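With the sequences and hints as input, model every part of the structure.
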Amino acid sequence: MAATPSDPPPSRRRRPQRRSSGPPPRSAGPLPGPTGRPVPQQQTRRPPARRGLGRLVLPLVLGSGLLWLSRGWWWPTPPQPQPQMILVLGGDAEREQVAARLARRDGLPVVVSGGTNPEYAHWLFEQREGLPRDRVKLDYRARDTLSNFTSLVDDLRRSRIRHALLVTSSDHMDRALLVGRIVAGSRGIQLTPVAVPCGHHCRPEGRSKVWGDGLRAALWVVSGHDIRGWAADHLSPWLERAGARLERR
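In the numbering used here, the protein residues as written are 1 to 249.
Please keep in mind that the hints were generated in silico from the structure rather than gathered at the bench.
Please read these numbers as outputs of a predicted model, since none were measured by experiment.
Mixed in with the good hints there might be a few duds.
[Stated by the list, open to error] Pair ranges (Cβ atoms, derived):
#1 H200 with D155: 16 to 24 angstroms
#2 L246 with E94: 25 to 33 angstroms
#3 H201 with Y120: 16 to 24 angstroms
#4 D139 with H225: 36 to 44 angstroms
#5 G199 with R101: 16 to 24 angstroms
#6 P197 with R133: 23 to 31 angstroms
Where a beta carbon is used, it is the ideal one built from N, C-alpha and C, also for glycine.
The following block contains the structure:
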């Protein structure tokens, strides 16, 4: 049958293209722009990794370690020997006065960490309370509550101290006892609190401050260093929020 003039020649007929089911072909490289320079192709960025899990895991791990290290504060402990000494934390002359009376009554040696000036301390313990000089040790290495314990615990362990009376003000006792039981507890030393009343003008310290120093103590036990600067930069906001929630309960 002859082809009509309206029909195109057989060689010019277009064949239907098959669609490929595979991935689109990759580009060979940057395409040239209008000026002839290659134009970089924009790459699709991967979605950023979720940081929420990491922000939750770190406080949980640190909190679990803190609870384990402070277990002596809330977990029943076996009976310890009788107190072998008195540890008084400086900062108030009334603390030293209470410690001096305890030392005279019970016949125990006293270690004053970061206390009043030596002249007053010697007058109080030796002249007023009649204690021999060799039963009173004045130590001025401490700068804060944590170093009250970290500067002494190894000396106490070498002296085979297993049980000490802890003397400090009532508004300071929660923080001092938590820090002390973590630091001294890591050396096998038990602390029994003796709170000195501070009157109606004082208030207990906030939970965030108590647990903040407790965290510093736990990190000191693990690392041997006070990483207060690092903790303040990275963990203080989280501790403040956690402390605010605890205080609202």
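- Task: Please name the hints from earlier in the document that this structure breaks, with their numbers sorted from lowest to highest.
- Result: 1, 4
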